[in-house]
Structure formats: structure tokens, C-alpha cells
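Using the sequences and the hints given, assemble the complete structure.
Oh and the sequence shown: position 339 is 355 in our numbering, straight run, nothing missing.
Where hints are given, some of them may not hold.
Only pairs whose alpha carbons sit at most 25 Å apart, straight line, appear in this in silico DMTMM-like list of lysine to aspartate or glutamate [unchecked claim]:
id: 1; residue 1: Lys229; residue 2: Asp64
id: 2; residue 1: Lys50; residue 2: Glu219
id: 3; residue 1: Lys122; residue 2: Asp185
id: 4; residue 1: Lys231; residue 2: Asp217
id: 5; residue 1: Lys449; residue 2: Asp432
id: 6; residue 1: Lys292; residue 2: Glu276
id: 7; residue 1: Lys225; residue 2: Asp143
id: 8; residue 1: Lys392; residue 2: Asp457
id: 9; residue 1: Lys380; residue 2: Glu370
id: 10; residue 1: Lys421; residue 2: Asp217
id: 11; residue 1: Lys277; residue 2: Asp185
Between beta-carbon pairs, the in silico distance windows are [what the hints assert, rightly or not]:
id: 12; residue 1: Lys231; residue 2: Ile41; range: 18 to 28 Å
id: 13; residue 1: Thr70; residue 2: Ile376; range: 43 to 53 Å
id: 14; residue 1: Ile41; residue 2: Lys465; range: 39 to 49 Å
id: 15; residue 1: Gln378; residue 2: Asn101; range: 37 to 47 Å
id: 16; residue 1: Lys435; residue 2: Thr70; range: 23 to 33 Å
id: 17; residue 1: Lys50; residue 2: Lys250; range: 26 to 36 Å
id: 18; residue 1: Pro44; residue 2: Lys449; range: 19 to 29 Å
id: 19; residue 1: Tyr367; residue 2: Lys449; range: 42 to 52 Å
id: 20; residue 1: Leu121; residue 2: Glu219; range: 35 to 45 Å
id: 21; residue 1: Asn147; residue 2: Glu368; range: 42 to 52 Å
No wet-lab data here; the hints were simulated from the structure.
Yeah, the Cβ is synthetic: ideal placement off N, Cα and C, and Gly gets one too.
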Amino acid sequence: MKPKTGPQLEKTVVPKQMSQKYNPITQPFGSKTKYKISLKMDSKGHFDVESSSTITNTSNDKWSDVVFYFIPNIFTKENSPTLNNPGTANIKRILVNGEKAKFSLKKDTLKVLLDKKVYPTKKMVIDIQYNFTMPEEGYRFTKENGNFYLAQWYPMVATYKNGGWNKEDYRVRGETYHTAFSDFEVNYKIPKGLTIVSTSDREYVGSHKTTLKMKNVKDFFIAILKKPNEIERKVGQVNIRTFTLNDDAEIQREALQIAEKALNYFQDKFGPYPHKQLDIIVSQLGMEYPGIVTAGTIQNSGDMSDWRESIVVHEIAHQWFYGMISSDPFHDAWLDEGLATLATRLFYSDYENEYISLDISQFKDAPLPVNLSLNKYTLGEQSNHIYGKASVYLWKVLSEYGGKKRAEDFLKSYYDFYKYKDVDTAEFVRFIKQYLELKDDHLLKEFLKF
Numbered sequence: 017m018k019p020k021t022g023p024q025l026e027k028t029v030v031p032k033q034m035s036q037k038y039n040p041i042t043q044p045f046g047s048k049t050k051y052k053i054s055l056k057m058d059s060k061g062h063f064d065v066e067s068s069s070t071i072t073n074t075s076n077d078k079w080s081d082v083v084f085y086f087i088p089n090i091f092t093k094e095n096s097p098t099l100n101n102p103g104t105a106n107i108k109r110i111l112v113n114g115e116k117a118k119f120s121l122k123k124d125t126l127k128v129l130l131d132k133k134v135y136p137t138k139k140m141v142i143d144i145q146y147n148f149t150m151p152e153e154g155y156r157f158t159k160e161n162g163n164f165y166l167a168q169w170y171p172m173v174a175t176y177k178n179g180g181w182n183k184e185d186y187r188v189r190g191e192t193y194h195t196a197f198s199d200f201e202v203n204y205k206i207p208k209g210l211t212i213v214s215t216s217d218r219e220y221v222g223s224h225k226t227t228l229k230m231k232n233v234k235d236f237f238i239a240i241l242k243k244p245n246e247i248e249r250k251v252g253q254v255n256i257r258t259f260t261l262n263d264d265a266e267i268q269r270e271a272l273q274i275a276e277k278a279l280n281y282f283q284d285k286f287g288p289y290p291h292k293q294l295d296i297i298v299s300q301l302g303m304e305y306p307g308i309v310t311a312g313t314i315q316n317s318g319d320m321s322d323w324r325e326s327i328v329v330h331e332i333a334h335q336w337f338y339g340m341i342s343s344d345p346f347h348d349a350w351l352d353e354g355l356a357t358l359a360t361r362l363f364y365s366d367y368e369n370e371y372i373s374l375d376i377s378q379f380k381d382a383p384l385p386v387n388l389s390l391n392k393y394t395l396g397e398q399s400n401h402i403y404g405k406a407s408v409y410l411w412k413v414l415s416e417y418g419g420k421k422r423a424e425d426f427l428k429s430y431y432d433f434y435k436y437k438d439v440d441t442a443e444f445v446r447f448i449k450q451y452l453e454l455k456d457d458h459l460l461k462e463f464l465k466f
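Laid out in C-alpha cells, this is it:
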């Protein structure tokens with residue numbers, strides 16, 4: 017149920033000229049990667065991949081190994097024995113600068129050993145040849161009814177922080193992969209009659225083989241769809257496309273309409289959308305990827321239309337809070353989920369004149385800080401803290417310092433300072449204290465640990 021319309025605290029507060037006196041202190045990624053990937057799929061759903069990663073050591077340390085996320089391995093029979101139809105994953109060969117390399121693979125952690133240390137500022141090329149099939153009950157990385165959703169399907173270089181590789185074990189709830197902004201070139205060949213929809217800005221032209229490119233994105237998602245229905249609309253300089261896998265034209269129009277309104281609002285209030293195209297696939301769990309989101313239905317959720325629309329808006333908000341402002345989704349999940357939820361609330365306040373709830377009593381059974389690592393919450397606690405409590409308590413702070421307009425201006429300033437940078441809780445606290453001129457920490461310590 018949507019909150020009832022109510023009074024909205026508004027007062028004019030002129031922010032300081034922070035650009036003249038404030039310098040962000042952001043987290044280094046430790047590595048910079050250019051991916052060149054060849055993807056081939058046959059008619060039986062077997063995938064062959066050759067991934068070539070040119071990796072620059074941007075840390076201050078010498079490397080003796082490189083760590084990748086290799087998530088296809090999670091959904092094999094060995095690692096997901098409860099799946100009825102698991103996938104397969106087989107690494108055939110790994111080369112470092114053209115020479116055969118030793119490696120280890122445990123669950124989704126792929127460690128490549130280096131014969132020679134790689135010093136700061138130096139580059140290396142790691143070629144990984146592998147194949148996989150996809151599970152039918154995977155989490156984001158899955159196939160369903162002849163459609164294939166390739167989420168985190170390639171070996172992703174981990175970030176390097178505090179003297180080591182920042183790699184956490186895969187979890188089925190939340191995201192545990194933290195990657196740097198990277199450049200991609202993906203050559204693909206798929207069976208005729210299928211449609212690729214991806215992170216790339218490149219328009220689909222019906223070809224079963226071509227090259228997709230994208231620069232400065234955190235991830236590269238591909239969906240391979242069987243006879244999708246597509247409609248599109250130009251919104252300023254951005255082409256919005258929605259894809260459905262059935263003949264429900266009303267759902268498709270609803271998704272397109274709300275996407276257009278959300279995109280316009282976020283661009284106007286926060287800052288420019290960074291890509292030429294935004295794709296919405298009305299299928300699968302709600303999930304954000306650069307330039308593309310999935311937004312299927314939630315079963316038993318009352319008004320399906322409202323829920324679906326809110327998922328679309330939330331995932332589009334992530335194009336700013338994840339897609340452009342990076343944070344560690346394992347250690348600081350609230351920074352993208354909480355801010356995307358707050359941005360969604362602000363949108364609906366503008367779009368439907370909704371009152372933004374300040375009911376903190378709903379979190380009486382959520383006593384933990386919202387910025388703990390995901391493994392510190394039970395699965396039942398996780399969402400209530402990093403989505404709900406994070407957004408409501410942050411709204412409480414911003415309400416006391418100006419209300420809706422102040423919150424929008426705050427997020428715009430946050431975007432201006434931190435786009436294409438990596439933020440942690442400590443830096444967010446430093447920024448909001450400076451922006452709002454907070455005299456003490458008591459409002460922030462109601463929901464954050466620092």
C-alpha cells in the first residue's frame with residue numbers, strides 16, 4: 017500500500033559552495049581492466065568463451081597473483097547440489113602474457129598465479145578460455161523458456177584494497193562482487209532467430225554476430241532472448257527500449273511510461289544519465305546492470321502494476337547509485353540500495369504527490385546499523401536494514417535539514433562529487449556532515465556505525 021498524501025516539510029537552505037573547499041577522499045580500485053571477449057553460443061545452449069583481460073596494477077603493491085570472480089562455477093552440480101538442472105563450467109586454459117599459468121578455482125574465486133611479480137603501474141594480459149552451460153534455477157545467471165540471462169558471466173577482476181584482493185564469497189542474496197569501472201569489447205555469435213540485449217549502447221539490428229562495446233562501466237550484462245516484443249521511445253538524447261517475452265502490450269507500455277518519467281526526473285534532479293540507451297526487460301528478478309535492468313513481477317504482492325513500476329524506478333535509480341557512484345556491495349550495501357530506495361521515494365513524491373513516510377517505528381525489530389557487511393545480517397534482516405531502514409533514517413536526517421528539495425539537492429551534489437568514484441561509509445558521513453553542516457553525529461549514529 018502506498019503512503020497517504022501528507023504534509024511535506026520544506027524550507028529554503030542555501031548550501032555552501034562546497035566545490036571551493038571540499039575534496040573527496042575516495043577508495044582506490046587498485047586495478048584497471050580492459051576486457052576483450054569472444055562469446056559463441058550453439059543451438060543447444062552451450063557457450064564457448066575466450067576472455068582477454070588487459071590489467072593495469074594501479075595499487076602501490078607488487079602482485080604475485082590476480083583474483084577473479086568466476087560466478088558460472090557457482091551454479092554447477094558441485095557447488096549447487098540442490099538445483100534440479102544445474103549448469104556446467106570448465107576452464108580449459110589460462111595464459112599470462114602468452115605463457116601457460118597455474119590457477120586455482122574454489123566456488124566463484126579464481127586465483128591466477130604469476131611467475132613474475134607485477135609492479136605498480138605495470139600491465140599484464142590474462143587470457144582465459146572456458147565453456148559453460150546455464151542452470152534453469154540460477155540466481156540472475158540463469159536460463160528460462162529458451163531465454164538466457166548472462167549476469168556476471170565472464171571472469172571479473174576483483175578490486176585490490178588494503179594490501180590484498182577484495183574478494184568475498186558468493187551469496188544468493190545481495191551482491192558480493194565489487195568491480196572497477198572497465199572498458200569492454202564483446203564479439204558474439206549466437207544462433208539465428210535470437211535477440212541480444214546488453215549493456216552496450218549499440219542498437220540491435222537483427223544480426224546473429226557482431227561486436228558490442230562499452231567504456232567505463234562496472235559490469236557487462238547480456239540477455240539472449242527468444243522472440244521478444246520490443247517498443248522504444250526517444251527521451252532527449254536517450255533511447256529507452258522495453259522488452260517483454262509475451263504479448264502483454266499493456267505491461268510493456270506501463271514499463272516504458274514509468275521508465276521515461278523516472279529517467280527524466282533523475283536526470284533533472286541528480287545529473288545526466290551516462291549512456292545513449294536504457295533497456296528494460298520485463299522479466300526475472302529486479303536487478304540493475306549498466307544501461308539495462310530486469311524488472312519482472314513479484315508474486316503475491318497485491319497490486320502487480322504498482323509493484324512492477326516501483327521495481328522499474330528503483331533499478332533505474334541504480335544507474336546513478338551503483339552505475340556511476342560505486343560502493344562495495346558486500347561491505348557497504350546500504351550505499352547503493354538505501355540511496356536508490358530514497359531516490360525512488362523522492363520520485364514518487366514528485367510523480368504522485370506522495371508523502372514520504374518518516375515512520376521509524378516499523379524498524380523496532382531492526383536494531384542493527386545499516387552499514388554492516390552482508391554476512392552480519394540474517395537473510396531475513398538484510399533487506400529490512402539496507403533498503404528500508406537505510407532510506408527512512410537518511411530521509412529523517414534530510415527532512416530535519418530542509419525536506420524534499422534539500423534531499424534532491426544533496427543527491428545532486430553527491431553525484432557531482434563522486435561520479436565514477438568509489439565511496440565507503442566513512443566518506444559518505446564526511447560528505448553529509450559537511451553538506452548539512454552537522455554539529456554532531458547523533459542523527460547519523462541512529463542508523464550507522466562509524
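Tested hints:
no., hint, result
1, Lys229 to Asp64, "holds, 19 Å"
2, Lys50 to Glu219, "holds, 22 Å"
3, Lys122 to Asp185, "holds, 10 Å"
4, Lys231 to Asp217, "holds, 10 Å"
5, Lys449 to Asp432, "holds, 17 Å"
6, Lys292 to Glu276, "holds, 14 Å"
7, Lys225 to Asp143, "holds, 22 Å"
8, Lys392 to Asp457, "holds, 23 Å"
9, Lys380 to Glu370, "holds, 24 Å"
10, Lys421 to Asp217, "violated, 32 Å"
11, Lys277 to Asp185, "violated, 37 Å"
12, Lys231 to Ile41: 18 to 28 Å, "holds, 26 Å"
13, Thr70 to Ile376: 43 to 53 Å, "holds, 49 Å"
14, Ile41 to Lys465: 39 to 49 Å, "violated, 19 Å"
15, Gln378 to Asn101: 37 to 47 Å, "holds, 39 Å"
16, Lys435 to Thr70: 23 to 33 Å, "holds, 24 Å"
17, Lys50 to Lys250: 26 to 36 Å, "holds, 31 Å"
18, Pro44 to Lys449: 19 to 29 Å, "holds, 23 Å"
19, Tyr367 to Lys449: 42 to 52 Å, "violated, 30 Å"
20, Leu121 to Glu219: 35 to 45 Å, "holds, 37 Å"
21, Asn147 to Glu368: 42 to 52 Å, "holds, 48 Å"
Hints 10, 11, 14, 19, counting from the list given before, are not met by this structure.
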